[in-house]
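**Q** Chains as they are written, first to last, in my numbering: chain A, 1 to 328; chain B, 329 to 652.
These are computed hints drawn from the structure, not numbers from a lab.
Check the hints yourself; a few may be wrong.
Cut-off 20 Å, straight-line C-alpha distance, at most; resulting in silico cross-link-like pairs (EDC-like, lysine to aspartate or glutamate) [to be verified]:
1) A:Lys198 to B:Glu497
2) B:Lys575 to A:Asp19
3) B:Lys575 to A:Glu137
4) A:Lys284 to A:Asp19
5) B:Lys598 to A:Glu137
6) B:Lys562 to A:Asp195
7) B:Lys598 to A:Asp262
8) B:Lys363 to B:Glu477
9) A:Lys198 to B:Asp587
10) A:Lys146 to B:Glu336
Residues on chain B that point at chain A, a partial pick, calculated with CB under 7 Å [claimed, not checked]:
11) Glu372
12) Ser373
13) Ala507
14) Asp509
15) Val517
16) Leu538
17) His543
18) Val581
19) Pro582
20) Val583
21) Asp585
22) Pro586
23) Arg594
Pair ranges (Cβ atoms, derived) [unchecked claim]:
24) A:Pro142 to B:Glu477: 46 to 54 Å
25) B:Pro433 to A:Thr183: 28 to 36 Å
26) B:Gly635 to A:Lys198: 54 to 62 Å
Positions of the beta carbon are idealized from the N, C-alpha and C atoms, including for glycine.
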Amino acid sequence: MTLLRVRNLRTRFATDRGDVRAVNGVSFDLAEGEILGLVGESGSGKSVTAMSIMRLVPEPPGHVAADSLAFDGRELLQLSEAQMREERGSSMAMVFQDPMRSLNPVLTIGRQILEVLRRHQKLDGPAAKRRAIELLETVGIPSAEKRLGAYPHQFSGGMRQRVMIAIALSCNPRLLIADEATTALDVTIQAQIIDLVKRLTRERGTSVIWISHDLGVVAGLCDRVNVMYAGNVVESGPIRELFHRPSHGYTLGLMGSTPRVDGVGVRRLTPIEGVPPNLIEPIKLCPFLPRCRVSVPACQATPPERRDLGGGHWAACLADLAPRSVAR
Amino acid sequence: MSTLLEIEDLEVQFGRPGAPGTVKAVDGVTFSVEKGKTLGLVGESGCGKSTTGYAILQLVRATSGRVLFGGTDLCQIGKRDLRRLRRKMQIIFQDAHASLNPRMPIGDLIGEALDIHGLYRGKARAGRIRELLDMVGLSGHFFERYPHELSGGQAQRVAICRALAVEPELIICDEPVSALDVSIQAQIVNLLQDLQERLGLTYIFISHDLSVVRHISDRVAVMYLGKIVEMASKEEIYTAPAHPYTKSLMSAVPVPDPDIESQRQRIILKGDLPNPANPPSGCRFRTRCPVAVAECAAIEPPQYPLGGGHWAKCICLKGVPAHA
C-alpha cells in the first residue's frame, strides 16, 4: 500500500537574483511501513523536499507545486492551512537535527508533550499525564515522571532528541520524517537513537523518510534510498541494489569520498572535485556533468532519462556503470 | 624517527581547585608524537580531546604536567619565547569561517601571519602569499576576496594556508572536516595528506569521526572523560580494540554497506556521559560499561601493555600476555 505519492514536486524560492529551484521534479512513492533514505549533500534539496511534503515551506518567498502530492489518497496541496494543521503532529510528524531549537526553552518537557496530546488526542488531566510518562519511558528516559517537570537545558543532546521522538510519535503518526536527526549526536548516542527509531517504527508500522548525509546510517536503517543532487533524485533503489551496484556518477562519487571505519579502501579517498551547480541558472544537461568522472560523450548532448535497472532500481545516468561495483 | 612532541601527565582543570563544580577536563594525559606522523585523538563530546590540543599550544594553561616540544617544556617558558615557538605550532578549527576575520581580504589574512613573525617582507610578501594559496589548491583570484565569498571547503583551505604561512612543524587539526560535506571532506583530507608528505608536517588530528581518523592517522588515542583509555597503532586499534569503550565506539560507527550492517552486532551503551564534575570512582567508564565488575568501582585501572606500543586501561586485561 502506498502511503505517500510524490509526482514532479517543484519547490522554488524567489530571491533578488532570480528563482532558486531547490526541488526540481522529484517523484517517488513511500509504502506503508517502509523506511526510505534521502541522501545527498547540503543544498541537494533533501530538507526542502521534506518541508514541502509537510507544507512547512513559507510561501512567499517559497512556492510549492506538484502534479501530485498525495498522503493516504488526499492531495496535500489542496488542503487548507487549518486542515493541514490537523495532519501535522497527528498523522505526519517531523524530527529535526537540533532538538534545542525545536523545544521551547522556557517550557517544561512535560508541558510540551502534553500540548500535543491535548491538541490532537483531546487528552487531558491525569490520563494525559500518564500517557506522557509512558511515552518518555518508551524512548528510554529514566525516572520519566520526575523528568516531566524538567526544562530542555537540563537534558543532554541525546535525551532531548529522545524527547523530540517521543513528541513526534505521541499521536502514532503514519509518517515520520527525520531530518538529520542523529547528525549532531555522538556515535554511541546515535546508535541508541537509530535502534530506538527502528524498533518503534517497526512495531507500529510507521513509514519513515530518513534524511541523512551519512551513507553508513542509511545502509543500516533504510529499506530503500533516493540519492539527491541539485534538487532532483538521480538514483533510487532498494538498499542492497543501490549500495552494491551504484549506477549514477554522483552515487559513485559519494561512495568514493566516504572513508570507512572497517578499512575498506583505506589508501586514498576519491573526492568529487568542484562544487554543486547554482540552482538559479536553468540546468539543461545532467546537473552532475561538470563534476562527473565517468561521463560519456552522450552526456554533452542530451539530458539523462531514468534508466530502469530492474527490481525497482533506476538511475538517471547515461554512463554504463552496470558491471562496475564501487570504484575503489 | 625522532620525537617532536611529548606530553607528560598533562592536567587541565577548569574552576577554582577544590571548589564544587571543578572539572578536570584533561586528567593525566601522556603521549608522544613522532616527527612527520599523525596522532588521531578520538572520543565523544566532552572527553577533553580539544582541551588537550589547546593545552599543548598553551591556549589554555595546564594545571600540571609537561609539554615538551623539541625538548623545550612549553609550560615553563615565558611569553616571548612562547610566541617565537608558536611559529612552529599551528591550529586549524572546525568552523573555518569563524576563524577568519570577515573584514579582511584573504591575502591580508595570510599576510598578517607573515607580518607577525617578520617573514617575507616587502616585495617577497605578495609572491609568497600566492605561492601559499597555490599550495592549498586556491588560485591567485582569492587574494582579493573576503571570507563571506568562500564556500566551507574553500574557507578551510584558507585556514590551512594561514597555518602553513609560518612554516610550522606541528599542526593541531581540531575537527577540520566535521562540518563539510563528504565530497569536500575528502578533498581536505587528501590535501592534508599531500601537505604532510611534501612538508614533513606532524599532525594531531582531533575528531569524533572514527572513519576519518582511521584514514589519516598513524597512531590513535581514545579518550573518555579526560583520560586516554587506549592507545595503539591505527591497524591495532581498529582491528583489535581492547578497551570496552573503544569496542563499543567502533561498533557504533555505521559502515556504508547494507550486508555488513545487517550482520553487525552493535554494543549499545546505556545512558549518557556522566557529569565530568563528579566522575565515577575507579574506572570512569564503568557506569556505561557492558562488562564492568564490582572491582571496577574500587580501583583505577593501570595501563596494561599489549605489545607493539598498544596499551589499554581496563582490568579485564589483567593477565593478558602482550604480543611481540
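**Q** Evaluate each hint against the coordinates.
**A** Hint check:
1. A:Lys198 to B:Glu497: violated, 47 Å
2. B:Lys575 to A:Asp19: Violated: B:Lys575 and A:Asp19 sit about 49 Å apart, past 20 Å.
3. B:Lys575 to A:Glu137: Violated - the C-alpha atoms of A:Glu137 and B:Lys575 are around 28 Å apart, more than 20 Å.
4. A:Lys284 to A:Asp19: Given that 20 Å is the threshold and the Cα spacing comes to 16 Å, the pair holds.
5. B:Lys598 to A:Glu137: With Cα atoms ~14 Å apart, B:Lys598 and A:Glu137 stay inside 20 Å; holds.
6. B:Lys562 to A:Asp195: Violated, at about 28 Å.
7. B:Lys598 to A:Asp262: violated, 24 Å
8. B:Lys363 to B:Glu477: Violated: B:Lys363 and B:Glu477 sit about 36 Å apart, past 20 Å.
9. A:Lys198 to B:Asp587: holds, 17 Å
10. A:Lys146 to B:Glu336: violated, 44 Å
11. Glu372: Nearest chain A Cβ about 4 Å off; hint holds.
12. Ser373: holds, 6 Å
13. Ala507: With Cβ-Cβ at 10 Å, over 7 Å, it is violated.
14. Asp509: Hint on B:Asp509: holds, closest Cβ of chain A at ~4 Å, below 7 Å.
15. Val517: Where the cut-off is 7 Å and the nearest Cβ of chain A is about 6 Å from B:Val517, the hint holds.
16. Leu538: holds, 5 Å
17. His543: holds, 4 Å
18. Val581: holds, 4 Å
19. Pro582: Holds, about 3 Å.
20. Val583: holds, 5 Å
21. Asp585: For B:Asp585, the interface hint holds, since the closest Cβ of chain A sits about 6 Å away, which is under 7 Å.
22. Pro586: Holds: closest Cβ of chain A sits about 5 Å from B:Pro586, inside 7 Å.
23. Arg594: holds, 6 Å
24. A:Pro142 to B:Glu477: 46 to 54 Å: Hint holds: Cβ distance 49 Å, inside 46 to 54 Å.
25. B:Pro433 to A:Thr183: 28 to 36 Å: holds, 33 Å
26. B:Gly635 to A:Lys198: 54 to 62 Å: Violated, at about 39 Å.
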